[in-house]
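Chemist: Sequence:
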Amino acid sequence: MKSKENLEQILKKYKQYLRLEKSLSSNTVQAYLNDVNKLFQYLEGKNVHPYDVTLEHLENFSANLHDLGIQARSQARILSGIRSFYHHLVMDDYIQTDPSELLESPQIGLHLPEVLTLEEIDNLIEQVDLSSKEGQRNRTILEILYSCGLRVSELCNLKLSSLYLDEKFIKVEGKGSKQRLVPISPRAIRELQLYFIDRNHTFIKEGYEDFVFISKRGKNISRIMVFHIIKELADAIGLKKTISPHTFRHSFATHLLEGGANLRAIQCMLGHESIGTTEIYTHMDTNRLRSEIIEHHPRNRTFSKRNTDDKQKW
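First residue of the sequence shown? That's 11 in our numbering, and the numbers climb one at a time after it.
Where hints are given, some of them may not hold.
Pairs of lysine-lysine residues, derived as DSS-like cross-links and limited to a Cα-Cα distance of at most 27 Å, are as follows [said to hold, decoys possible]:
no. : residue 1 : residue 2
1   : Lys25     : Lys48
2   : Lys48     : Lys22
3   : Lys185    : Lys23
4   : Lys169    : Lys143
5   : Lys229    : Lys241
6   : Lys251    : Lys241
7   : Lys229    : Lys178
8   : Lys181    : Lys226
9   : Lys48     : Lys23
10  : Lys226    : Lys215
11  : Lys23     : Lys56
12  : Lys229    : Lys169
Don't read these hints as lab results, they were simulated from the structure.
Model the full structure from these sequences, guided by the hints.
Modeler: So this is what it looks like as structure tokens:
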């Protein structure tokens, strides 16, 4: 059995592999390492070394995740991390065969994310208190999230040097440090220009001068702060939907599709590596279409009225 010290060295090399070869973000790398540590804790209780793992061990580990009440989507993510780890061990000749090769993930049902209407988005933006010091900044954040369909991490890390406002584009660095150009609307440009007036009088720490959105502490704004801003505004207007910064991204894509945009164009703007990820919005559009038909088609209205009349007779 290989020593614990040797195993720690393997984890260190695996971390380097994720960062350098896979070009994953620090958050994603840490998530993968956490997944592997979950397996290590399980194997320690079974007195099995990670190098000696079989498919049966991994299947039992998967069943244990289910028994702990971990949801199918989270189970699938953890098992994805385990596969990545064992793929690395095989590639670097630490083990000869990959025990995770036939490991199956739990079935995940189609999850349709919450979407805001244009009216709800406008209500949220209008709710921002422009008399406050951060008012114009917060208003601009909401407009950029919706107009450009950014991930919250992309928004927090947006740089002044990545703004090409004369050309009406911004350069975004997405997952895996992949860059893409995203169109920016005239309204979003105007909100940015108004925010820059306030930003010029904002304290900015050394090293953070290029970030667009600055917090009270002089650093780039955090993901948590963006979540907090949106939650407060949603509560203020009495919005019943459970929303987050990602809701603006979903709304951006859904409204584009409803307006007739090409799915490939939406894929490029969202920075999805696979068209399959973008296709969830076609399901959303289909559901909306079905609701419209049920509500407005004369056959459905007639049938509904006849059912109501029959119930009244009884």
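Chemist: Compare the structure with each hint and give your call.
Modeler: Cross-check of the supplied hints:
1. Lys25 / Lys48: holds, 16 Å
2. Lys48 / Lys22: holds, 16 Å
3. Lys185 / Lys23: Judged against 27 Å, a Cα distance of about 21 Å means the pair holds.
4. Lys169 / Lys143: Given pair Lys169, Lys143 holds - Cα atoms ~21 Å apart, limit 27 Å.
5. Lys229 / Lys241: Within the cut-off at roughly 22 Å; holds.
6. Lys251 / Lys241: Between Lys251 and Lys241 the Cα gap is close to 11 Å, so the pair holds against 27 Å.
7. Lys229 / Lys178: holds, 26 Å
8. Lys181 / Lys226: holds, 25 Å
9. Lys48 / Lys23: Given pair Lys48, Lys23 holds - Cα atoms ~18 Å apart, limit 27 Å.
10. Lys226 / Lys215: holds, 10 Å
11. Lys23 / Lys56: Judged against 27 Å, a Cα distance of about 25 Å means the pair holds.
12. Lys229 / Lys169: Roughly 12 Å between the alpha carbons, so the hint for Lys229 and Lys169 holds.
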